[in-house]
Amino acid sequence: MSSELAGMPTELLLPEIIMLVGLVALIIVPNLGDARFRIPLTSFRVPVLLGGSRFGIARDPRLPNWITIGTLLASLAAAQMGLLSPSDWSGEVGNALVVDEFSILLSNIFISVLFLCAIAATHRIPADPGAEAPTEDDDEESGARKTDALFDNRRQVDFHILLLTTGLGMSLMAKSTHLFMLFVCMELASLSSYVLVGFHKESVEGGEAGTKYFVVGSVASAIGIYGMSLLYLWNGDLSVSGLSDSWRSMDGLDPLATAGVGMMLVAFGFKVGAAPFHLAIPDAYSGASSIVAGMLATASKAMGFVALFKVMIIVSMPESGESFWFVAMAAISLITMTWGNLAALSSDNPKRVLAYSSVAHAGYMLAAVAAIGSGLAGPEAKALIVTAVLFHLSVLVVFKLGAFLVLSSLETEGGSHRMQGLNGLARRDPILAGSMFVFMLSLAGVPPFSGFLSKLLMINGIVTVSAGTGGASSIVSWATSVEPVFWLAVAVVLNSALSLFYYLRMGLVMFFEEPEGEGDLICNTPLRAFIIALSALSLAFGIGPGSEFLVDIAHGAAEALLP
Amino acid sequence: MAKSGNEYRLLMPLIPALLVVPALAIAEFDSVDAAFLIVLAPLVAFPIILISGQLKNGEKAWKEGLKEGGTLALSALLVSLTTALWIIVDYLRGAREISEEVGERVATTWGDWISFDVLLSDYTMSSERVIGVGVWVDSVTLMLLFVATFLCFLICWFSLGYMNTDPINENRNHRFYAEFVLFAMGMFGMVLADNFLWLFIFWEIMGLCSYLLIGFYFWKESAAYAAKKAFLTTRVGDVFLMIGLLILYDIYGSLEFSVIFEDPSLNGSVDTDKLFWALLMLFVGAVGKSAQFPLHVWLPDAMEGPTPVSALIHAATMVNAGLYLVARMVPFVDVGHHGVAGLEDLGLIVAYIGGITAFMAASIAFVQNDIKKVLAYSTMSQLAYIFTGLGVSLWFYNHGNADAAALVFGGSMFHLFNHAMAKGMLFMASGSVIHEVHHAHDHLHHGSEHGHHDFDPQDMRNMGGLASKMPVTSAAMMIGSMSIIGIPLIGGFWSKEAIVAKTWKASLDYEPLMLGPAVLVLLTAGMTGFYMSRMWFMTFAGEPKSEVVDHVHEETPWIKEPLVILSVISALGGFGLSVLGVVKWLAKPYKDDIGIQKESVFDQVIYELEHAFLPEDPNLRIVGWTTIFLSLVVGPIIAARVHGGSLRAGQSSNPMVSWLVWISGRFGSQDMSEMADSSLSEALRHRLYFDHYYEKALGMTAIPLASFAAWFDRNVIDGIVKQVESSSVLGSVQIRRATTGRARDYIMMTAVGMISIFALAWGVSG
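Taken in order, these protein sequences are the chains called D and V. Heads up: the first sequence begins at 199 in my numbering, then just goes up one per residue. Heads up: the second sequence begins at 3 in my numbering, then just goes up one per residue.
The hints are simulated quantities; they were obtained by calculation from the structure and are not laboratory data. Be a bit skeptical, because a hint or two may be false.
Pairwise CB distance ranges, derived in the manner of DEER restraints [unchecked claim]: (1) V/371 x D/646: 49 to 57 Å; (2) D/340 x V/50: 18 to 26 Å; (3) D/710 x V/210: 22 to 30 Å; (4) D/742 x V/276: 56 to 64 Å.
We put the CB at the ideal spot given by N, CA and C, even for glycine.
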């Protein structure tokens, strides 16, 4: 094994290697103790370090969180280096992985999401080194509280190991050029996230949500794997470039190939939350803790789009003309965005609202993907659209995750399941409420926030594709003759208008309702600082040099992805 | 209230502000490039004061250490003031050193703000620079810049005493200071703007701040009404201004001064009628902003705002914006420098509006008993003087008589300076009076509600004899009034003389129609003498008219310093600056070849005196002495007969004013109650019924339209939105039924989805 590794530029995988090291450390370090092994027949005792009574530092329940934050920070730094000088950090690693601007950007998205989750976890799943077992003196309530604290201490390692495996899977997945590798990495991340969804198994919703998400997810994965096997049957090779070549040289449409791609669309559709595969998503988001829900809405969705890009845009696009999945994709995107926005309107659970909003956003991005599938897009227009989607995925980290982080601070007092929990937040904590409002505006796509720019880029991409079509002699004749892709852009605009109702409702209850709870909101300083930073970033990425910087990166990534 | 002298240690935050300009100078910045600081400093201070005020309200350090943001505002304004002074000094030095053709105007452009890609008829794009960001500096800019920065600073200083010691403002002062600096930013920006669009933007910012500050006591119905009235009335003017700017843009394809003023006649091809209408529209905007007939109705009501606001916005700075705009019209009409001939009517209109307003406002001021309202009408009247002067100047420029035009232009601008200094100070002095009377009243009836509502601390009928109680204020008010009246040798005399004389010159030698404004301004000179003297005598001379007066003490900190500084400037500034030739300097941008400097200062003084009192033209000699006679003798003596009188026995006053009190008692007294009951007097008290008829007209036109718009908005537009919303919610409830919560349904849907994908893929492609 090691001989094969020699000569490969493994340093390109530095972020993943750091995560792997952190993972191992996370398993070993909390178990370090003074255990000794007596060599048989002698009285020598060799310290083996694992087990026995644990060292003081290893016993500290906050340790896993520290290790994870440190690991992810180092990994993020490594990934950032790639962002700053992509040419030094690009290249192929083995036959299944490639590091280029695209995978670097995605790695950055994934790792920063998980880093923020780890920061938020210090607040959501607090580790208390002073926790004690309940005694006789405790009444029922304080006893339960003490038990909870102990319980939280015990499961620190589990949570953080799962975070790191998710990150590892996602980050490698973005780099894979082989569908098999891609699928394995995706499953690594997915299985970890299933467990994370059901992590709060003591609550009924948590356990149920995790199970449901797992069951539906497995079905989707199974369909995907079946589709992949069909592709293998057709081509005998699952590398992306090989499949792409064969697709282009294919005569007509091979049933095996199309069925395979169609089935994979189901699997990835589930990941991105496309209708009608999204049904488990609202349940999962509202059952999971807000941190995990935020992770699912940003990183997991980005992962789904990476897979969609690779299979739909790279593999199954014909040399010219419309791809066979265009109509299906357009229909899915229409249904998805409308369903998401409509369902969010009457929901009274902020997490569900955000879940449906996440579905709607997936719809917008799928509309952009569908515009590529229309076959009208030249290389430049394609790059434009992919840039828009990548930009959207990047800024989602800022405002979608930001919104979930605000909810996670409400969650500790039990107020994230009902809209009333947000009541009067502005009076209790003006800074968090202000940030939340910024996130809502950004999600709704109000200028000058980054959500506006990303939506604008996507609509611009779609309209560019359909530009010049349609005769302009009268409105009616124009409307009937314009390319159908154009109506996707119209749908995005109409849906955005609809979505304002529920985004602004959140703002409304925060600012104009009387607060339910008394006193200030409890939220620890680092989390608060990051929420404020995220709200500043949602502005910075929406206007001025910050937005240009990010659009440039996304554009570079888009060009690296497209052949 | 009476704090110890170490209140002034609060000025510590000003030290870094003082160091900004030296630091930039050492870093070899160009003073003109540093001009952005003038606007930037208050702009940065605005959110800081507002936000920290919201956060820190009620805390001791914020309240007493930072004066609820007052010292922060003062620091920002100090940065602006020092930068402005730096530019002025540099400019004056450069004007002497740099060759003549460069030295007069400094325009610095920093970059594009708006540029359009214009599609040409041959389908190529041409990038056209439309609006840049930069500054335009000439002597008019510098004069206004000095007036604005200097008075903003002093009035902010005054506010530290006036606002922060009034319990009604407790915990609200950060709003005042934030709006104050935002206003200052607007004024500075408007003065520095190098194109009409920026000028308009800053103009509107000022309008907004004026609205906010007039309505500072918004819970008082009258204040809220006054704020709305001021905003809407000036808005009428602004609409016309905007139309004017659009026409200008249509003519020149740009709004930049440097482009338009290069050759306003477009080589003689410009459409004169179009330009006339554009300039007339701009003038209507100016009329609104400077409260001239017929858009003058808002200014007296604007006195509902705190007194520093009246001093700053409604006397010293914002109302000058209209004058500034008219002054910027000179290049259009200056036929000697690419101006467009045939625009004499414009000058005539401006002069007539000025003359009418001057006379009308002065006559209304006769019957006002509210000390601030007298000053408000006086402001209108004096601004009208300047408009008359500018109108005459525009007429002369267009007629080709550049010498006379430059002199009256310089004189008008100089009157603007004198008036701003004197009126800013008069308002602050009236503020001092009001504040102390109010305080004395509170002290007298401490705590009890008795008499609180029927006592008006601004009513001069509650005052009298205050000269013995308020030595500094009474002296300051005397000097300010003298400057406004135009007592020979003091302040406004030097500039008013030029306006009156040149208006008469125009009417006698050239244009008979100018006789109207000429007669009106001459009459107004005497009337000014009456109403300003009346105000002073009613307030400071004679026996006290209410018991409150005995308890007045002049002891609020921060109030006296600005009064003293401005008194000196008002008293001596007019004479000093005219000796230095400021009139010609101000006119210079448009006229380079005048400016004969005498050999020595003494010769110059003699020349100026000769020029003022014994002009060569016999007509002007008559007019000049008539003016002096009316304003010095007729007006004040009548006022003294009616309202003057000695102080109560045993009371003494400041030697600076005691002579005046003594004189006022020598003319006997005259009962004017019969005249006060006359119907003319009644009409004047009702401000000549302008407000009444405006309201009636609005009731017939705007209000039905507004009601219809409101109905349409409520029922049609909101109805549609609500319909969309309610039907969406219905759909939402239906669609959410699909989310059953059962995993097998979800898997079922997944299967349905997959089959649909296949169906669609094959159905369409296969």
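*Failing hints, ascending?*
2 and 4
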